[in-house]
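With the hints as your guide, set chains E and Y onto chain X.
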Amino acid sequence: MSSDRNGKLILTTGNYASAEGAIAVGCRYFGGYPITPSSEIAHYMSRRLPQVGGTFIQMEDELASIVSVVGASYAGVKAMTATSGPGLSLMAETVGLGFMLEAPMVIITVMRGGPSTGQPTKASQSDVMQTRYLSHGDYEMIVLAPSTVQECYDFSIYGFNLAEKYRTPVIIATDGIVGQMMEPVRYHSNFEIINRKPPQVSPDEYQPFQVLDEDLIPGMATAGSEYNFYVTGLTHDDTGSPDMTPERAVKLITRLCDKIRRARTEIHEYVPWEEQHLDDAEVVILSYGINSRGVPEAVERAREKGHKVGLIRLRTLWPFPEELMEKLGRLGVKKIIVNEMNYGQIIREVERFRHLGFKVTGSLVPTTIPFSPRFIYEELLKEV
Amino acid sequence: MLRSQRKPILPPPPADKEYVVIILPEQCDGCELCVEFCPTDVLEIDMEAYNSRMLHPAIAVKPDECVGCQQCERICPSVSIFVTEIQLLQEESS
Amino acid sequence: MTTIDEIPAPKSTDEIPEDHPLHERLNLHRFIFCPGCLIGSAITSITSCFVERGLTSKDYAVVSGIGCTGRSSGCFNSPAFHTTHGRAIPFATGLKLANPKLEVVVLSGDGDLFAIGGNHFIHACRRNIEITVLCINNNVYGMTGGQCAPTTQIGDLTTTTPYGNIEPPFNLVSLAAASGASYVARWPGYDTLRLRNSILKAFDNPGFSFIEVLAPCFTQYGRKNKLGDAVQMLDWIKNQVRIIPNCPPHEAEFDFKKGRIVCGEFVDAPREGFSQKIQQLRDMAQKKK
Chain X
0 MSSDRNGKLI LTTGNYASAE GAIAVGCRYF GGYPITPSSE IAHYMSRRLP QVGGTFIQME
60 DELASIVSVV GASYAGVKAM TATSGPGLSL MAETVGLGFM LEAPMVIITV MRGGPSTGQP
120 TKASQSDVMQ TRYLSHGDYE MIVLAPSTVQ ECYDFSIYGF NLAEKYRTPV IIATDGIVGQ
180 MMEPVRYHSN FEIINRKPPQ VSPDEYQPFQ VLDEDLIPGM ATAGSEYNFY VTGLTHDDTG
240 SPDMTPERAV KLITRLCDKI RRARTEIHEY VPWEEQHLDD AEVVILSYGI NSRGVPEAVE
300 RAREKGHKVG LIRLRTLWPF PEELMEKLGR LGVKKIIVNE MNYGQIIREV ERFRHLGFKV
360 TGSLVPTTIP FSPRFIYEEL LKEV
Chain E
0 MLRSQRKPIL PPPPADKEYV VIILPEQCDG CELCVEFCPT DVLEIDMEAY NSRMLHPAIA
60 VKPDECVGCQ QCERICPSVS IFVTEIQLLQ EESS
Chain Y
0 MTTIDEIPAP KSTDEIPEDH PLHERLNLHR FIFCPGCLIG SAITSITSCF VERGLTSKDY
60 AVVSGIGCTG RSSGCFNSPA FHTTHGRAIP FATGLKLANP KLEVVVLSGD GDLFAIGGNH
120 FIHACRRNIE ITVLCINNNV YGMTGGQCAP TTQIGDLTTT TPYGNIEPPF NLVSLAAASG
180 ASYVARWPGY DTLRLRNSIL KAFDNPGFSF IEVLAPCFTQ YGRKNKLGDA VQMLDWIKNQ
240 VRIIPNCPPH EAEFDFKKGR IVCGEFVDAP REGFSQKIQQ LRDMAQKKK
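Protein chains in written order, with numbering that gives the first Met the number 0: chain X, 0 to 383; chain E, 0 to 93; chain Y, 0 to 288.
Isolated chain X (complex conformation) (with noise of 0.2 angstroms):
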């Protein structure tokens, strides 16, 4: 656990590679509070952090955690919390405030079985719904979903540099097995390092929420700094100030969420999903997460039996891949099978594309264990 490894492979867990990753791409704040199966990463941060530079601070609670995240983040910091699905339903309003005052943050969560106190040192996939629709209100997430430790060291560094360049939190969602579980992992450093775009224009003429690029993202200022603003959760309009007209309520939220969904394809291609065996598929498995693990054993096997199948790991949930399902349309895939450790969640939303041409049914088991590669292939016999 100690600071650099020169790019050589070493054995180490997922919650102590997302920490490192975080590190690499800058991050020098985390605010965070203990919970099962997440605290690893506060306790790799509490002890690097301040080799680096960094503010490692145990809040009282999620709700203190995230704001004091938020309040970093506003001071030019790349800040960052780790929690799991309860401590995530505590963050939703502060999600909503950092989405409307546009403060890139990164929040990763590891999942763990739920609803209420659920199976706190057991993994889970349920809640991929709940890091889409976290808060209250109109809005669009970016989430990632890492299924190895190396994946959970690159997509710390990926995120960071999505929720700076788009200015909104990003959510990484692990879960309790990835997070735990221990594998080789390459602490590399060739990677590009995005910054938030700083105001474009001088301090008298600055406007918080003023957009001057095509890419609906305004420059940003941060306390400390020679610009004055004044930023609210508050519906406000280019000033900052509150504004409760319909047209400025209009003007504001699409802008804030067009900023997400113009940019999907270019998230895409940034994380983009892995495909196998897509061209002569005519089934197709689509998983994410811990859960995609089993897969291409099962799909090997099927395959050797002469099924064509293919699969599909989604890196990238949402904003979600709906070029993934035009091709898989154009493709002429015949049917989609969901894997999910959830009763259904990423599976309704593949559901709304079957219009293209597919069917689309799914192996949903709400468990705490990932698919063996042997249920997998049996679930594929009765589909195909």
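Any given hint could turn out to be false.
[What the hints assert, rightly or not] No farther apart than 20 angstroms at their CA atoms in a straight line, the calculated lysine to aspartate or glutamate pairs in the DMTMM-like style are these: (1) Y/LYS237 - E/GLU25; (2) Y/LYS100 - X/GLU225; (3) Y/LYS57 - X/GLU348; (4) X/LYS334 - X/GLU348.
Hints listed in this document are in silico derivations from the structure and should not be mistaken for laboratory results.
Showing chains E and Y alone in chain X's frame:
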């Protein structure tokens, strides 16, 4: 204290500074706090005047009485009244 | 009826400055308070303290929560943050720790800081984080329509206690002192001179400073309890205020029934602030590495 060491109690020296109280009627809410807090009753609410928000602004009815204590400036919740020295103003303008 | 042009101008018209000395520090369009509400006076007091300390907008930030006082952060021409309900203190904590050079002021109401944000308040006191918290205490939820607050006194009428309040209130000074704040004071909002000196002292204090400002709400609280308008309510509270020097915090009485509100400085025990300790921790960690 010895009688010889005592100092006689004298009236305060006459004020050598003149103050002017400036009211920004457009900003004034007419809440009367300045009227209440002025120790020399310089200010009053002008019940015949209106500002553009249809509120009665305060007015300095006895401007010569102002002692420059700045109570009105400090208490004003709408930042619409302030006190400054006439001498200072004259220096600035000259 | 006279128009605005007919108001007699003060003497020596040509030499009079057109603008208030604090106007460039404040955004007057965002003053949304009832005429006579002392929140405005508190904003002026803080701003004049910034001026007196020579702080420009890159040196300070104002954070507020939700409510009447929550809207006050918009009045400052500086980095100002209007956060979610009750979360002003953790927001300020993040801001201060990420940029320790900032003078961070939290300006919020009693409902925001002590009902929904009560947990954050006691923990900020415990940590002794270097922020200055001004609580504008009006004993009621003003903006949402005059509901019972954790500072509403027993027997008081509000929109949610039509038969009189039955819950005992918090004594904010005792709470802050017991939680470990290193500077605790209470002043009536009209006593702007003492309030200013107290704010300056809080800026100098290397730790958590808490100042309670009494600003009675005549629109909600005064109307329900038949206490009159802004001036009458100020008079009512003025008759109860007792300023006692060096009063211990457990004797900081706040009781409308007895007619006794003890004001003054209750705790002035500077100790090392949290961001200094974090810096020491960083130095230690970097040596070990």
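Tested hints:
A C-alpha spacing of about 29 angstroms is found between Y/LYS237 and E/GLU25, which places the hinted pair above 20 angstroms, so the restraint is violated. Of the pairs offered as hints, the one joining Y/LYS100 and X/GLU225 holds, with about 14 angstroms between alpha carbons and a cut-off of 20 angstroms not exceeded. Among the hinted pairs, Y/LYS57 with X/GLU348 is inconsistent with the structure: their alpha-carbon atoms are about 47 angstroms apart, more than 20 angstroms. For the proposed pair X/LYS334 and X/GLU348, the alpha carbon gap of about 15 angstroms is at most 20 angstroms, so the pair holds.
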